[in-house]
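Based on these hints, arrange chain B on the given structure of chain A.
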Amino acid sequence: MSTVDLPVNSEAPAVAERIPGLWKTPGVMAAFTVLVALLVLIRPRSGDSTFRWSRDGDWFTIPDISLPANGIVWTAVALCLLCTAYAAWNARAGRKTPLVLVSAFAVLAVSGFMSWAVAGKTLPVVGLLAGALALAVPLVFGALGGVLGERAGVVNIAIDGQLLFGAFGAAIAASLTGSPWVGLIAAMIAGMLVALLLGLFAITYWVEQVIVGVVLNVLVIGFTSFMFSQVLSENSAALNNPPHFPRLEIWVLSGIPVIGPIFFRQTVLVYMMYVAVFLVAWALYRSKWGLRVRAVGEHPKAADTVGINVIATRYRTVLLAGAIAGIGGATYTLVSVPSFGREMTGGAGYIALAAVIFGKWDPIKATLAALLFGFASNVESVLSVIGSPVPSQFMLMLPYVVTIFAVAGLVGNSRAPAADGVPYRKG
Amino acid sequence: MRLALRDITKRFGSLVANDHISLTVEPGEIHCLLGENGAGKSTLMNVLYGLYQADEGDILIDDEPQHFKGPGDAMAAGIGMVHQHFMLIPVFTVAENVMLGHETTGFAGSLDLDAARRRVREISDRFGFQVDPDALVEDLPVGVQQRVEIIKALSRDAEVLVFDEPTAVLTPQETDELMAIMRQLKESGTGIVFITHKLREVREVADRITVIRRGTVVGEASPEASNAELAALMVGRPVELKVHKDPAQPGERALVVSDLTVADETGHVHIDGISFHIDAGEILAVAGVQGNGQTELTEAMVGLAPHVEGSIKLDGREIVGRSVRKALEAGIGFIPEDRQIEGLVSNFTIAENLMLNRSYDKPFVSRGSLNLKKLDTFAKEKLAEYDVRAPGVSTLAGQLSGGNQQKVVVARELSRDLRLLVAAQPTRGVDVGSIEFIHKQIVAARDSGVPVLVVSSELDEISALADRIMVLYRGRVVGIVPADTSRDTLGLMMAGESPEGSES
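If you're matching them up, the sequences are chains A and B in order. Anchor point for the first sequence: position 227 equals 227 in this note's numbering, and the numbering is continuous, going up by one each time. Anchor point for the second sequence: position 242 equals 242 in this note's numbering, and the numbering is continuous, going up by one each time.
I should point out that these hints are in silico values taken from the structure, not numbers from a laboratory. From a predicted model like this one, the values you see are computed outputs, not experimental measurements. Be a bit skeptical, because a hint or two may be false.
[To be verified] Cross-link-like lysine-lysine pairs, in silico, PhoX-like; alpha carbons within 20 Å at most:
(1) B/440 / B/242
(2) B/69 / A/426
(3) B/69 / A/301
(4) A/301 / A/426
(5) B/362 / B/373
(6) A/360 / A/96
Here chain A stands alone, though its shape is the one from the complex:
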């Protein structure tokens, strides 16, 4: 085909409106605009919504902002309509909705909803966001583990098991030694143990990887629940009383209003998360190691023919992914909750898995997706503390509803690594 001109199918298509899914984003946006508008129409709120931006210890204090709730909501609805109209106009012209527009829309719709929900009360914005970040930590670590495993070609459904076992290991080791750092290392080892089982079945014995993952999750739930009721609860003072990581304020940075309290008054695990996200993203795309991991996940045979050991690369990556997910598990027992509890992850591993897919197998995007899910969880808890007009059962659904919408509605054409879930058989 090098001397002959390319055949017909290379001619530019005049079929832009036929690109599937072009109208999906404007459609979802319209639906949400209508939902927010319906809220105020059916239940208009009286009073002002107050937004608090400052915390003690800031360099200077940003004053609270109080505005009439209905006014904000209607303004938000109007702006949302504008965004939707622009997205629709874009789609008509055969263009995709830009991500900036989607983000702006999300911020507007959420602000509208929040001012409606907190009418007459005060919303601590900084607390909401700082809490969202803290809640997202296990999701981010879990998602990073998921991204690594799948980039190497091993589907990791067992993220939840790795989180849970990490939490369990961290609780016992930290309780026994009195050091949260030992707990952290134990959590990484625990995550790697689950990963080792996953690797053994998926890489060495070619078992269907989705099934192995689910079975491992059930195994970890069963094992930890058994140990919890039979061993930990008998001896909770000695075995299930882990010391916690203290909050660590970063000098100078923590005093910046808004940004400081959100990002720099957290525990050491959050700072480790910043580093981990950066390191994984850099290593995956910019290092020799990452090139080989991606090669093994895309076309293992090609990697083999240039002298890369596919099996060893996959094992190493899966173990590393397990260790990272294990750190996420440690967050539960060394930061959030006083002690280990039965099934305490509440399916967070599955949400992390959704973040992997929503983030298109990219560490940065998966992290952003995990943050979004963390935010949805924290909206639920903050609103239930303030007291909101939405029934609490409904609010509990929020993170999961967001997950479904995100993965089903907004992912678009993402492509998994070509050999994801396919065991490598030589010859």
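Quick look at chain B alone, frame taken from chain A:
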């Protein structure tokens, strides 16, 4: 660097794939390894490349015995391979593919992509390849992907290059260019092992020819040997390379296609308003560079294409808009271009595959249940009649060699009363012996009065079978010419130039 294989033996269970094969390659020499599919050529090369370990025998480089534990060792010793199925990662750039496995790195293992780009450019310039180091491999045409494979091997300072069936995926023009590249490599002192079963190519570039049959070396041949001599060595008996066929006795106008337009789901038009006809007892061969609408044309004939406009009339009855089943019932036999994907169910037995086009009615199905006895008898007959080499009719189709698989497809399609035969790439990836057989069957179908449409990307096949030749370019008919039209004229037509004196 002088490479020698000495008494290489490789067994898979009871099967001896390579039986004491010896071979030497001198620097600056093109050594052809000629043999049918399944003769053991690829196994031998995989042993050489460290993918398999030989059970007996040695690999010698400059008389030093080598022990390759994996491809990495073979590459380090200076052996490069251009694989039949390219070993490239589609979502990586050219530079990333070339550097993979021997990356130059900077601080903390970071990739030095600039070094890789320079290497790609340097090698491309040396051989006059036009390859952009930052292009994604999946966006490149097949011919260019193959050059990336060559660059990949050369970037590791390979002194012996193995080309495994390199022309199977190439157009005639790309094949000619590859031959030129191989000569250029040879002149720069590289030793080349060229694995193929295509005789024309062998005679064009080979310095020495070793012929392999059923895992053993059956002889060396000189490049001056005739096609018939080479084919006879390869197959083990004299082969008719030119299909013997009497002049066509065209009957009535059987198939009339007018203003046919075929588009795909996304609205691309692949066949753009073409018209032609085939008479009973005549073979119309469709030539063209792959991707100019041939696939869509054959799919439209059997009702597989989604958006078809215009008319296809078989014996006066309209086919367009009918279902595949109606097309089959109208008497259309269809040999699809990819037997693995569309022709066979590889996890079904030969017998089951033989009844796929008659899965709903007599003779094999009555009152909703299979008549296994009848099927068994039928399958055994066809196995013998079509010379399918298989242990039995209950062998899984996926376990057969390419040639035997294709014979099963041909047997199935020809064992009905046909009103039209559509054969797309009927002998792609099939060995010489089977090609001869399949061609005879197609000609026999013609002689029994069936109109035949043959699509092929091999000009040899087109010339061998055709009574008339239709050339497609960008979904349009460039011309319909007599069967004795010269290769050069056909080549020009395939590039879109209308010849003088053609019909339509």
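Cross-check of the supplied hints:
Using a Cα cut-off of 20 Å, the hinted pair residue 440 of chain B and residue 242 of chain B holds, with the two alpha carbons roughly 10 Å apart. Restraint check for residue 69 of chain B and residue 426 of chain A: satisfied, since their Cα atoms lie roughly 13 Å apart, inside the 20 Å limit. Taken as a hint, the residue 69 of chain B and residue 301 of chain A pair is honoured in the structure, with Cα atoms around 16 Å apart against an allowance of 20 Å. Between residue 301 of chain A and residue 426 of chain A, the direct Cα distance comes to roughly 8 Å. Compliance with the 20 Å bound is thereby established for this hinted pair.
Simply put, residue 362 of chain B and residue 373 of chain B have alpha-carbon atoms about 13 Å apart, close enough for the 20 Å limit, and the pair holds. Between residue 360 of chain A and residue 96 of chain A the alpha-carbon distance is near 17 Å, which keeps this suggested pair within the 20 Å criterion.
Going through the hint list in order, the structure satisfies each hint without exception.
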